[in-house]
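Using the hints provided, position chains B and C relative to the given structure of chain A.
Protein chains in written order, with this note's numbering: chain A, 1 to 669; chain B, 1 to 196; chain C, 1 to 84.
Hints may contain errors.
To be verified - Sample of chain C residues lacking proximity to chain A, with all beta carbon distances greater than 12 Å (derived):
no. : residue
1   : 7
2   : 12
3   : 14
4   : 16
5   : 18
6   : 19
7   : 30
8   : 34
9   : 41
10  : 45
11  : 48
12  : 50
13  : 59
What the hints assert, rightly or not - Partial pick of chain C residues on the chain A-facing surface, computed with a CB cut under 10 Å:
no. : residue
14  : 68
15  : 69
16  : 70
17  : 74
If you're looking for bench data, these hints aren't it; they were derived computationally from the structure.
Bear in mind that the values here come from a model prediction, so they are computed numbers and not experimental data.
Just so you know, even glycine gets a beta-carbon here, dropped at the ideal spot from N, CA and C.
Listed below, chain by chain, are the residues.
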Amino acid sequence: MATLTPEATELEEPEEHGAEGGGLWSWITTVDHKRIGLMYGGTAMLFFLIGGIEALFIRLQLAVPDATVLTEAQYNQLFTMHGTTMVFLVIMPLAAAFGNYLLPLMIGARDVAFPRMNAMSFWVFLFGGIFLSSSFFLGGFPDGGWFGYAPLSTQSEMIRMDFWALGLLILGIASLAGAINFTTTIFTMRAPGMSMFKMPVFVWMQLVVAFLLLFSLPVITVALFEVLFDRNFGTLFFDPAAGGDPILYQHLFWLFGHPEVYILILPSMGIVSEVLPVFSRKPLFGYQFVVFAGAAIALLGFGVWSHHMFTSGLGPVAESAFSLTTMFIAVPTGIKIFNWIGTTWGGKISLKTPMLFSLGFIAMFTIGGLSGVTHAVVPADTQQTDTYYVVAHFHYVLFGGAMFGIFAGIYYWWPKISGRYLSEPLGKWHFWLMLIGFNLTFAPQHWLGLQGMARRTAVYPPDIGLETLNMVSTIGAFTIAVSMLPFLYAMLVNSRTGAPAPADAWDGRTLEWSISSPPPHHNFHDVPTVEAIDDFWHQKYGEDDEGRAVRVKTFPEPSRYTDKYIHLPSPSYYPIMLAGGLVLMAYGFIFAPLGIPLFVIGALILFGGAFGWAQEDPDHPMGDHDDHHAEPDDGSEPDETAEEAAGDEVEDPTAALADGVVADGGDDA
Amino acid sequence: MSTETAVHGPVGTDGADIRKTAMWAFLGSECLFFGSFIATFLLYSDETNGGPGTELFDIPFTSVSSFVLLMSSLTMVLAHNAYEREDGRQMRIWLMATALLGTVFLGGQVFEFTTFYAEGLRMDISPFGSAFFVLTGFHGAHVAIGVIMLTSMVIMSRRGNLHAHRGMNVELVGLYWHFVDIVWIVIFTVVYLLQV
Amino acid sequence: MIALFLGIVTAVEIAIAYIPDLNRTLLTVGLIGLGILKFSVVVGWFMHLRFENKTMNRLFAIGLVLALSLFFVVLATFSGILAS
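Isolated chain A, as found in the complex:
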């Protein structure tokens, strides 16, 4: 059909041998969710290092009073980019990385619902991240704070905040496409027998996150457009002199911003809910409660945004209402914490690195959660707003919470991904150094904040009692930096030389452990049929008379390869083309009027990519013949008959499987 790229033929071979094609081009055009997941993860880790270096500069500046390491302008840029990078370029994409790699493996699918759209998400994210960071070389980082409050963000003269607003708009496209993709994947591509309440908790949390993204991203999109229009086209959305209202920006931002914090934390909650049962050798305590609590957090998460705005004068009724909803949200969160503790209670705990990070997650997240509840109390919050107390709070939930969960996930799943264990001693060094460094950095900030130290201020005077704790905090920050060294060493070296990991590396419970490590390109030789939660575990273990788990079955080490012909979608270069066009347009917009030609070129590339994409046959040419069997008179409408033909075979996955055809590959029907 339409444009078959040369590498489509290359696909044929590796498919049959079960290996993946190599070379840069195969990565650029890949639509394999595992490769996309790895690229997401690798890119996000690089941004994590960049964001970390920014943080170190901030802490250097604050180590002593009246410091001159940075000018105030540089300081503004660094804290803005530190926040923006960590939220949008590190934690969100890391969650997307786990989702990409694991969702299909955990629900027994061979890929996500829309593989090319998935590739586009990644490229848009990568280019968007580069776009945002490239502002450093083109006039300086954005400097209006990570939430870019108007009218500060609309009135700063430099193009920096244009980079910020456009960059976040671009990243929003990546996240929205990803959210649509994950939602559809989870709803429609689960293995036979896997009802919603037999899905792993991690999958549930990814679904909740996808919903949050779906319904909160459009709101910030509007806020960013309004900022961008105010900056570039003279609109007056946030100009108080003309009757515009900056408070509207705050509403729009936090309508997105509060769901966003759950977007950041819920994937880690999912990871921890997978890790704890495996290393306690017990099922997750109260599966339904954990799931419902996750959904409740999401729902309530849409009703608490104004607690970020208590000092903006909402009025007593609104403040009381939002104070109440904010306190309510602690209930489902507390339920989760009790369930995690209940999972470990009486279990055969094995303190491997993933487990350590998970336990660290629970402890740190609980501290962060408790300081969060204090923000719900309006008078207290009024005191805490814009002080280091808030900084301490959200680092406890986002670093001690989200990042610890992500590290737990990395240590847990890396044997599956690379086929080799990461070193336990190095992992333990990493964990303990990071835990100590983290607490040294952020615990003192609670006191600093309550003593009145304001955030986003580049200098503080001596002799007001802030020196010691700030110095401790800076030492802690550098301890965190040191703790990354064993991790990076382990990632770079152990991935090649570590102890080989079997398929079922940790005696796991979920489907991904039933396939080889690393997984076959097509994931499952045969799409599994699922009968229970933790189906894989129940296949391995039965119960004796006293209810103890007894091994009843041992599986032979699964092969990576199969003789079957398994059909997978062909690679495509249209996703990267589309993403490239989009970013060229953004650069063109920033440098208008000089950039207008660039904008036009970008738009043409974007349009060409979209049009080519729409016409590309995403599947193997082998499947094509059915498109044309029964064409209507005018010879151009193969639609309905083909759909029926495709539908018939696909609706019965087992029938499709019998011929070694992917159940979800419509085209070869």
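What follows is chains B and C alone, placed relative to chain A:
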């Protein structure tokens, strides 16, 4: 959303077309997008900053263009019916008709914008102007993208590249088109009729 | 049929907007009611949502309900309803 492309088969484990599930998810998201703009408009509907306000609205004119857009939903339904009957020629005719009505609507919007500019309502004159032009402008952009997609459908159908079981199809474009229409129903009621 | 119905509803709407001295509240309620009617007809029949599965219905319903409720609250905080 020309990127709304399924590479896998059309039917998921829940028996529904996976692309339709994705499209509805996208449309659900779009509700919040237009909701934010409409909320902005409602907040600023009186903030005229000394400039002109809603008295400029020409309800009979806008009613006609609203009617045009509403009728384009009808032609879209007819296109979809033809598509289900596998009548390619009819389908292309109705798709063209839909695109044409969409273009007429856009033309009406351009005319309206020009008139308002001539009468002093600009997007840089007041928050009201900003909110009005940006809201209706983004709706217009959605219509324009819809027209492009409809035209692409016609071209792809002529070239025999339109397949029911993958990529965008007439039904998905139809969903998008109807959605753009209902957004206009809301805008017409809230922004025009209720403000006069 | 449905199109004819939609056309008539639109005509009624415009007519209502032009009734002189019509009570403002009545006008608002009437117009919003007719708008909702048209909205539902297009979504339900033209877009076949009435005949689709629960997943699709819910996806759209969540978006709609969230949009309505969130922005009602936002506007309420500005209008001073919640300020007293």
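Against the structure, the hints:
{"no.": "1", "hint": "7", "verdict": "holds, 30 Å"}
{"no.": "2", "hint": "12", "verdict": "holds, 32 Å"}
{"no.": "3", "hint": "14", "verdict": "holds, 29 Å"}
{"no.": "4", "hint": "16", "verdict": "holds, 30 Å"}
{"no.": "5", "hint": "18", "verdict": "holds, 29 Å"}
{"no.": "6", "hint": "19", "verdict": "holds, 31 Å"}
{"no.": "7", "hint": "30", "verdict": "holds, 29 Å"}
{"no.": "8", "hint": "34", "verdict": "holds, 26 Å"}
{"no.": "9", "hint": "41", "verdict": "holds, 25 Å"}
{"no.": "10", "hint": "45", "verdict": "holds, 21 Å"}
{"no.": "11", "hint": "48", "verdict": "holds, 16 Å"}
{"no.": "12", "hint": "50", "verdict": "holds, 19 Å"}
{"no.": "13", "hint": "59", "verdict": "violated, 7 Å"}
{"no.": "14", "hint": "68", "verdict": "violated, 12 Å"}
{"no.": "15", "hint": "69", "verdict": "holds, 9 Å"}
{"no.": "16", "hint": "70", "verdict": "holds, 6 Å"}
{"no.": "17", "hint": "74", "verdict": "holds, 5 Å"}
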